[in-house]
Amino acid sequence: MQSLTIRLSEDIDVRLNKLAQRTHRTKTFYVRQAILNYLEDLEDTYDAVNILREEQASYTLAEVVKDLNFTEQELKEIGLGN
Numbered sequence: 088m089q090s091l092t093i094r095l096s097e098d099i100d101v102r103l104n105k106l107a108q109r110t111h112r113t114k115t116f117y118v119r120q121a122i123l124n125y126l127e128d129l130e131d132t133y134d135a136v137n138i139l140r141e142e143q144a145s146y147t148l149a150e151v152v153k154d155l156n157f158t159e160q161e162l163k164e165i166g167l168g169n
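For what it's worth, my numbering labels the leading residue of the sequence shown as 88, then goes sequentially.
Straight-line alpha carbon distances no greater than 20 Å define the calculated EDC-like cross-link-like pairs of lysine to aspartate or glutamate that follow: (1) K153 / D134; (2) K163 / E150; (3) K153 / E164; (4) K114 / D98; (5) K163 / D134; (6) K153 / E130; (7) K153 / D128; (8) K163 / E127; (9) K114 / D100; (10) K163 / D131; (11) K163 / E130; (12) K153 / D131; (13) K114 / E97; (14) K163 / D128; (15) K153 / E127.
No lab work stands behind these hints: they were computed from the structure.
Build the full structure now, drawing on both the sequences and the hints.
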């Protein structure tokens, strides 16, 4: 298993600590779950965009983006924003 070091803002760290204490889970558990959930969503998005591009469907990229409710920042992060 690989390790990763990340820096969290104090408010996120406080929230994460409270959640971990309340649920008797580790902070690592919740960070791992958050990453896995985000990766799954991101992979699904890339798959949808690729299908759209490959099939040249009548459903436009703008419509897909709108339906997925992405923010402009999220679009930039996955390489679809301006």
